[in-house]
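Colleague: So the chains spell out like this:
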Amino acid sequence: SLAVKILLFYVIFYGCLAGIFIGTIQVMLLTVSEFEPKYQDRVAPPGLTQIPQVQKTEISFTASDPKSFEPYVKNLEKFLKDYNADQQTESIVFQDCGDVPTDYTERGPYNDVQGQKKVCRFKREWLENCSGINDPTFGYRDGKPCILVKLNRIIGFKPKAPVNDSLPPEVMAKYNPYLIPVHCAAKREDDVDKIGTVEYYGMGGYPGFALQYYPYYGKLLQPRYLQPLVAVQFTNLTYDVEVRVECRAYGQNIQYSDKDRFQGRFDIKFDIKSS
Amino acid sequence: GLSSARAAEILARDGPNSLTPPKATPEIVKLLKQMVGGFSILLWIGAVFSWISFGIQLAQGAESPFDNLYLGVVLALVVILTGIFAYYQEAKSTNIMASFSKMIPQHALVIRDAEKKEMPADQLVVGDIVEIKGGDRIPADIRLIFTQGCKVDNSSLTGESEPQSRSCDFTHENPLETRNIAFYSTTCVEGTATGIVINTGDRTVIGRIASLASGVGNEKTPIAIEIEHFVYLVAGVAISIGVLFFIISVSMRYKILDSLIFLIGIIVANVPEGLLATVTVSLSLTAKRMAKKNCLVKNLEAVETLGSTSIICSDKTGTLTQNRMTVAHLWFDNQIYSADTSEDQTTQPFDQSSPSWTALSKIVTLCNRAEFRPGQENLPIMKRVVVGDASETALLKFAEVILGDVMSIRARNKKVAEIPFNSTNKFQLSIHETDDPNDKRFLLVMKGAPERILERCSTIMINGKEEPLDSEKAEAFQTAYMELGGMGERVLGFCHLYLPENEFPDTYPFDTDSMNFPTSNLCFVGLLSMIDPPRSTVPDAVSKCRSAGIKVIMVTGDHPITAKAIAKSVGIISATSETVEDIAKRLNIPVEQVNRREATAAVVNGMELKDMSLQQLDEILCNHSEIVFARTSPQQKLIIVEGCQRQGAVVAVTGDGVNDSPALKKADIGIAMGIAGSDAAKNAADMVLLDDNFASIVTGVEEGRLIFDNLKKTIAYTLTKNIAELCPFLIYIIASIPMPIGTITILFIDLGTDIIPSVALAYEKAESDIMNRRPRNKRKDRLVNEQLAVYSYLQIGIMQSVGAFVTYFTVYAEQGFLPSTLLGVRVNWENNAINDFEDSYGQEWTKYQRTYLQWTGYTAFFVSITIQQVADLIIRKTRRNSIFQQGLFRNKVIWVGIFSQIGIALILTYGLGHVTALNFTPLRFQYWFVAVPFAILIWVYDEVRKLFIRRYPGSWWDKNMYY
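Just so you know, the protein sequences line up as chains S and P, in that order.
Residues in the first sequence are numbered from 1 upward in steps of one, following our numbering.
Residues in the second sequence are numbered from 276 upward in steps of one, following our numbering.
Mixed in with the good hints there might be a few duds.
Listed below are the simulated DSBU-like cross-link pairs for lysine-lysine, each with C-alpha atoms no more than 35 Å apart in a straight line [to be verified]:
#1 P:1167 / P:568
#2 S:5 / P:1053
#3 P:568 / P:1053
#4 P:408 / P:690
#5 S:187 / S:117
#6 S:259 / P:530
#7 S:273 / S:78
#8 S:56 / P:530
#9 S:269 / P:530
#10 P:530 / S:81
#11 P:563 / P:819
#12 P:567 / P:1167
#13 P:690 / P:740
#14 S:5 / P:1221
#15 S:5 / P:1234
#16 S:81 / S:174
#17 P:530 / S:67
#18 S:5 / P:1055
#19 P:530 / S:273
#20 P:1053 / P:305
#21 S:123 / S:56
#22 P:1055 / P:843
#23 S:117 / S:158
#24 S:118 / S:81
#25 S:74 / P:530
#26 S:187 / S:67
#27 P:740 / P:715
#28 P:530 / S:219
#29 S:160 / S:74
#30 S:269 / S:259
#31 P:530 / S:78
#32 P:563 / P:1053
Since the hints were made in silico from the structure, they are not lab data.
Excised from the complex, chain P in its bound form (with noise of 0.2 Å):
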């Protein structure tokens, strides 16, 4: 091998053996995106107004300008934290990610120095010698220079399922296909061999497709889509209020800097300046709440695209099925037994009481080569590792299950002789001892192909009786083999036969290479075939997908027989539909004569596809509700992708291999899968599922479509209070009332008692059943629709507003302002030098007598908004049930959010009611429940709402308060 120094000069040269990870944006960049997106631009306009006011003021002298430099700076401080909150959020959730893929340390198994050294995979040079066993990962793309029985499972390349064997023949020019080169994380599967590394890190194969990965471009999220319409729409009301509310205060004669103190008032009354942070909370609540059932997601915003999903392509192997070989049937005595092939079997119900299952067990359980890895009793069987080949380990557990400890079995009948498959025999073979002392007979047992199987048998047990092997019995043979083939199973024949004592003696010399013993006219005991079956839970998720509206698409590399097959297992293709050879093979016509649209199914080959133009393609996502595509490449899957994304379908892709990663990138959403999945797959992919099952897909769907819906419902309660915060100041303009909110309060509403509870709807269970309906459109069913906004502004927001004012005239009422003396003070009320200022009784007041009642204003309109909220906060749980429905204590978080806002008032009200600056006072108590009256009201008013919604629908009341 290599010196150490040498090694180390070439590793100067190259860099470590490691994938360089996509290149990240840099740290700061994303906190300033944070800072200027959305909202933040309004705010940083109202602060840079608020200093230009605060500017002007100072040169003018005025009093107190610096109230303007602090809600400047508050404004400011409101945007840079909002901001670093955004992004601590967004960085958490990436973290995850980054943790999760440095979880498993590479080793290898270096020759250095004339040694044999262990060592971290990523300090691997070209040209160093490695050793590989089945099991291992290879490190790097390595030329093979010593084999021995060795496989490798490319499918994370090339996504070809069957191990590959590999020698040190060079077989092809294309490096891909010459069977003398490993790549770098492929697996060993079986056997060992050495190698000499010929690339490492990017420029080894798989680092040359990730790369390419990286360069495919990530579409904007339906979420985000939905937030920037959202901020446009609320951003667009700010503006055209502030600035209508502009030109009409300068046409009343406003000076132009108080037009603009009103601007800025104005801008921060109808920016919800916390619900961007509530958005990301909520969605970083449902991740956590996914990754406890195994979807991890690595973009916050996947976790609602995953609920507006509407095609599903997944793959077979590992999502759909279990990933490993058992044994679906039986066949003896001229009858099918279905065996049990659930994920954690302990039995096998079929009746085992003939004697010919006798002599089948024996011959399953003797001519086999797979054996548990030792130390392993404690595990369930069906977790046990096994080392051997798929079939052999399904039947190894197979009898396991069935006749208790195999490994004893075997040893006491022990192998004399022994015959391994290979491709021109087509059968294994072994001659064996029996367990009865009293029979000195040997036991030579055969499986394989079954119709080669067949060929060497002129017996066949029925009922643990040899009875000749007649065409009537032949027929029933083919029949039951047709049969299981059909179900896409992989079928073998087992037959036996005891060798005459008297011609075999126990000393008899048995020699497996000129075969000096009969391999013919045996006795054929029966067959069993094996599948990947599916998972236990995915025919019911695939079933609440087509109940959700959800089109699930099969892609798989498999044949199109055993794609079919498990496709109809789960209901991927129900039991009632047809494909189009299907319905030829009934009708006993040709494929061509067949109306294509009659076949709800499809299952389209790999080699199809790849003639078919584009608009083929589209007619058959089109046409068909249920397909499958066989023997596709991942190649192909792009293909597929890009498709249903033409018909403005949300889709998502699952996918494990590095090849898969284009597709999962192009995918609305790509899912990875954590167990089989290759690094690059899982960093292509928008989340990553940790147990690669299928159902736990569908649980994503449902979480993501809830969070969709309590979104709504969050900014439904958001908005709702910026009207009642609009309000004050567009009639302090118009009426010249004294002002009845201050933009400090509004910053502690909408960043203070709001935050809590408008997460709190995070938690809110879904109203019916979610899985029932259709995807949303991502066209039509927006996130925030007119019928939201204008129900929320235009109706509960002046009912909020409304209770407020209420509370705002009575607390000005009882301390000697009568409202008709209110209208129109606005200029002397505001003016300094004007300390005698005559109320509605005759008593004067000094300015800040007058300051310190409006601030008291300000709390009783802070209040009064606050507990009208509470209600807000009651009516929003539903958008179409009676809050009775849905009861008022299943979500108790609603309540800790009821709690908090109360609290959070009490505390401004009371605890830093003497605090000048933050514009609060400490309130007489029973202004606390001037609004309660409003407050019901809005539940009553909602509740009538959605009763008239329940009970008329499609009604014009529907098709508007409906949001």
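Chain S extracted, bound-state conformation (with noise of 0.2 Å):
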């Protein structure tokens, strides 16, 4: 019966702290709006990242093979799906921003209220050569291998576009003051030569980010936001050898860190390999 006795102790005592701690973390969430985080402490700056998500940084395939650029296609056509334009009509949900850059898009409060926001348009044929209408294989087929840019969702985050003499001459000629602009190049002197003509393609053909499709308001609010992106495409990479690219997005309050490599900025690898 002590056995018992015990057993019953346990199980009142192990009971009450998992009471007080479903308790304590309900409370917590009592506190927590579902619309927006609480803080975004270590969110922001955001990141800038690519599609197709690749390990370890790097795509490496054989314009030939099919079977060895087949990940990264699929990648590119299931993260496209949403964009496609029989994904866009309902009314309802979205809305036409136009194709120049302009303003961001204030839609009112964080909270229901009024209800859901609505989202911006982003159509596929933008990418053009890297929408995959064309060219189900994004490029790959013929190694000029297409790759999409996006900044990263934060919640309320502004974009502020660059002030123009601060970019650098490359990429000044993409200034707009309602684009973030994003440029790509050699991450390495010596790779300079080898990274070829680099084509951006992007909202009304603008290489960047238009403001017009910030800020984000949430997974509960905008839940099926097309974040603006930016296709990347390499049509003349040099073959057999590793070439090391880094692209970014510039802005004011886009930042890049040394600890952070994803910040503002993502770099990749190229090995494409002629047989």
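Hey, can you piece these two chains together into the complex? The hints should help.
Modeller: Here is the structure:
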């Protein structure tokens, strides 16, 4: 009976503890809004990421071997499914935001008093050669791989367009007061001549993220939010050698960090084999 | 004597005249032992696993393999540093001892190159001629070639407490018995002698015994056994949980490598890295405290051994007694008076108005050859050094206390003749002029064995008047003499005679050889009895031992009657208890008919002990609670100690002589006398009693018991948070949440925030009178018992984990990851390729942002454990009493602990929060308070636990919740 007593004690003891645990967690959750996080200490400034998502940041394939780039293509295709025109038909959810970069689209307070928030359309066609509409392999079969660049979603984050004269000369041409330009270049000096031409496809042909897509209102208010994309196509990469490319987004509140190599930029290796 | 050249030759051949210290373990071996003992092995395993996984990851080309390399290095460093620390602590306490034995350099007066030279005793060689005088220590074994009234104290060698006279005559085959050899390290009490060195260094008799003693093995100390038990327990838990979760994680399809890393984490979380260092520090703090109270501990662990002592075998002379004869009783005018025998007497309270006392005091003063060494006028009388034997010294001091300047009284009563004491006469006599200028008579004074003195008397002084000594008065004398003798006291009789002026004019030629003066028909004045009185603190200490359940056994070389008298006066034999002989006497039956069980006390003679079988000895030790061994030799001490140990007792033994060293070694704790003790005894002992006082042992026992209790608290405190460190790993493995706490962070708790608080518990005062409970049963009362482990691990530890997890979930939720999102995310969370990891709000996180959040989680978890450890520290102050009974502020060091804990946590979080390798981040300040309610809950819960324990003693709650 002593064993029973002790067993009973622990059942009650742990029962109470579990109750206290769940209770405090519930109370804590009450203090947290369901629409926006209490703090964004760690998530901002935003990261810059690419599709396809690859291990060890390396894209390696043989143009003549469809099997070798199949995972990348599938990854791109899957990601772009939401950007199909037929996915963006409901006018309750979607809204045309034009095809010229404009200022932020403010949609009121971060709650559901006015119901869900509308979302700007993003036309897949804007991505042109990288849209996968004409070329389902996104240029990979021709050895001209596409990658999609996106700025990580952060609720309420309004990226500020860069100040014109702060931009490096090669990006200067892309300047627009309502655009976060994206630029990819060789990471190392000796890769500069191996990188070849780089094509950028974005909203209305602008090589960057237009500000009208911001701020993001969160999963609950904008469940079908489409973040603006920039497709980058490398049309003349040198084969059979590793080429390291770094892509950056430019903006006043977009920063880079030595510790976080994906903050505001990323780098990726291309290794295209000729056979 | 020898020439210097020859002496140098012999010195080169024989080596210096000093005892080789017992072979010490090489320092490097000691150091290495510290690094592989205890938990170190587990941590080495952890380190090796870390390096293995580093190697594998490096080979696989993983992104950040160096984390594991560093972890391995850190673990190895932890082991090495704690090893060095423990070694240093150990070495420090050994050094105290080493410096202690070197304190007195020995010198000897040697004849070399036909010249007397003073030189260090260790330079002596065989063949040297040395001179010794009263008070010297014999510098080597010497054969005497010239003596003058030389007496040596061989007590350290043979245990005989009476000084023995030495001469040049060869009297016995046995070198120990013959009179013409004086032994190394014994002392010359009086007289002078010259001798030839016959043995030096280890070849001396003492040297041979000392090397014998080092052969007696050292037993493991109780605390060492307890700590070993504790290490096994914790290591067992660590290994079984580690292996269990290794299997679980492998079967949950984690990679072997990952599982190995989990295993390291589990080991690190389970091992209280800082605890052994803490224990060492606590013990050395207590050792320091004990040193202040005159107990010098050689071996740190002996600190606690003293606390678990259940039998103390104590010497009488010097330990229980003051080691000097003191006048205890007087008999004059048909009445017994008691004298003050305390250590620092300045007056004597008994009635001194009778003229008989005046006469007696005159005899005491004059018939005495002892003298104070000059130049001690400023010292208290009792502390002055006297030249003379023990009884005369006692009488001199006694007279000095009552009459003042004895030397000037003697000067005023000039001595004209004297017969010193000898064993045939058994009296001492002197004749003096009187200090009364009108009285031209000579005064003859005499003292000696009472019966001999009485024989020479025809009258007796009563109230200053001489009355004839009739049979009635002689009867009264006999009664008084028996009574004083029965108290174990040495009795002396005193008588005097004023020589008629007409027969003995002031030119009378007194001749002591022909004794041309009367030595009979004297006037008997009184009796004085002397004893080596107990130290005044001893009776109290003995009664403390009694209430503490410690049996005090007196072992002495003295006569049974004296031994019994002292035992009675200090309470070793209590007032009401009787020996078999006492009962026989009271009932008037033969000793054999007495029921031995009725007698609580026993006085065992060494001669009886010699003929006893082990069973008989066991029977005595078992059946009698109050035992005195009289007339025992030091060799028999060993037998007694072994007998006590057979009863399962933890035995403390005091000793000073060289022959005591085997017993000192054999005992669980050997206590050597600091003043009277020989070097060999001090070497063999675990502890040295600086003031030779028994009472100091008792304070030592108290400290030892306290530290045992406090170590319990320290361990309970330390073990608790191990669960809070372990749970994160288990839940991480099972629920696949982001890692709540890092291995490095755990080390910062174990070796950072927790150290000072756990040491602070060593300063905690006792909860109740620890000297009122029985000594702990070394088989049952463990340092870490089941209740302690269960309460710490399964109750407080779990509560801490809950509190820490609440903070963890709060941090993640407020940054965007609600608890529901966290479950099962581990694989993606830790995937370096995913830099757009979605949180509960749809935001996307890069890998580094997640890692940084994870470190914030570590920090939050760390801070929560720290905050709850504050509560843990406070509840551990007591095990039974309420904190309010104990007082929150009595132990100030606890507060130092609390502030240091929080201070270190603040520094780590905000000061080092930007050092990536340490995995700390500056935490939002409010997260420090999330765990506060849980800290309060812990406190309240523990108060309730203690309340129930106090309310319902013996209930199942008490049995299971009291540790």
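Colleague: Now tell me, hint by hint, if it's right for this structure.
Modeller: Status of the hints after comparison with the structure:
A threshold of 35 Å between alpha carbons decides the hint, and for residue 1167 of chain P with residue 568 of chain P the separation of about 21 Å falls inside it, so the pair holds. Straight-line distance between C-alpha atoms of residue 5 of chain S and residue 1053 of chain P comes to about 29 Å, which keeps the hinted pair within the 35 Å bound. Restraint check for residue 568 of chain P and residue 1053 of chain P: satisfied, since their Cα atoms lie roughly 26 Å apart, inside the 35 Å limit. Proximity of residue 408 of chain P to residue 690 of chain P is assessed by CA-CA distance (about 26 Å); at most 35 Å being required, the pair is judged to hold.
Between residue 187 of chain S and residue 117 of chain S the CA atoms are separated by roughly 40 Å; this puts the pair beyond 35 Å, and the hint is violated. Annotation: proposed proximity of residue 259 of chain S to residue 530 of chain P holds, straight-line Cα distance about 27 Å (limit 35 Å). Restraint check: the Cα-Cα separation between residue 273 of chain S and residue 78 of chain S comes to about 25 Å, which is no more than 35 Å; the hinted pair holds. Taken as a hint, the residue 56 of chain S and residue 530 of chain P pair is honoured in the structure, with Cα atoms around 19 Å apart against an allowance of 35 Å.
Distance restraint check for residue 269 of chain S and residue 530 of chain P: the Cα-Cα separation of roughly 28 Å lies within the 35 Å cut-off, and the hinted pair is therefore satisfied. Using a Cα cut-off of 35 Å, the hinted pair residue 530 of chain P and residue 81 of chain S holds, with the two alpha carbons roughly 34 Å apart. Proposed proximity of residue 563 of chain P and residue 819 of chain P is supported: the alpha carbons are some 23 Å apart, at most 35 Å. Restraint check for residue 567 of chain P and residue 1167 of chain P: satisfied, since their Cα atoms lie roughly 20 Å apart, inside the 35 Å limit.
Proximity of residue 690 of chain P to residue 740 of chain P is assessed by CA-CA distance (about 25 Å); at most 35 Å being required, the pair is judged to hold. Between the alpha carbons of residue 5 of chain S and residue 1221 of chain P the distance comes to roughly 19 Å, so the proposed pair stays at or under 35 Å and holds. Distance check on the hinted pair: residue 5 of chain S and residue 1234 of chain P sit about 12 Å apart at the alpha-carbon level, within 35 Å; holds. Taking the CA atoms of residue 81 of chain S and residue 174 of chain S, the gap is about 28 Å. The hint holds against a cut of 35 Å.
About 28 Å separates the Cα atoms of residue 530 of chain P and residue 67 of chain S, which keeps this hinted pair within 35 Å; it holds. With a C-alpha separation of about 24 Å, the suggested pair residue 5 of chain S and residue 1055 of chain P falls inside the 35 Å cut-off, and the hint holds. Only pairs whose Cα atoms come within 35 Å are accepted, and residue 530 of chain P paired with residue 273 of chain S is accepted, the gap being roughly 32 Å. For the suggested pair residue 1053 of chain P and residue 305 of chain P, the alpha carbons sit about 27 Å apart, so the restraint of at most 35 Å is met.
Restraint check: the Cα-Cα separation between residue 123 of chain S and residue 56 of chain S comes to about 30 Å, which is no more than 35 Å; the hinted pair holds. Taking the CA atoms of residue 1055 of chain P and residue 843 of chain P, the gap is about 34 Å. The hint holds against a cut of 35 Å. Our distance criterion of 35 Å between C-alpha atoms is met by residue 117 of chain S and residue 158 of chain S, whose separation comes to about 16 Å. In summary, the hint linking residue 118 of chain S to residue 81 of chain S is supported, as the alpha carbons are separated by about 19 Å, within the 35 Å threshold.
With a C-alpha separation of about 27 Å, the suggested pairing of residue 74 of chain S with residue 530 of chain P holds against the 35 Å cut-off. Between residue 187 of chain S and residue 67 of chain S, the direct Cα distance comes to roughly 28 Å. Compliance with the 35 Å bound is thereby established for this hinted pair. A distance of roughly 20 Å separates the Cα atoms of residue 740 of chain P and residue 715 of chain P; the hinted pair therefore holds under the 35 Å criterion. With a C-alpha separation of about 34 Å, the suggested pairing of residue 530 of chain P with residue 219 of chain S holds against the 35 Å cut-off.
Of the supplied pair hints, the one linking residue 160 of chain S and residue 74 of chain S holds, its CA atoms being roughly 33 Å apart against a limit of 35 Å. Taken as a hint, the residue 269 of chain S and residue 259 of chain S pair is honoured in the structure, with Cα atoms around 19 Å apart against an allowance of 35 Å. Annotation: proposed proximity of residue 530 of chain P to residue 78 of chain S holds, straight-line Cα distance about 29 Å (limit 35 Å). Restraint check for residue 563 of chain P and residue 1053 of chain P: the C-alpha separation of about 25 Å stays at or below 35 Å, so the hint holds.
Of the numbered hints stated above, the single one contradicted by the structure is hint 5.
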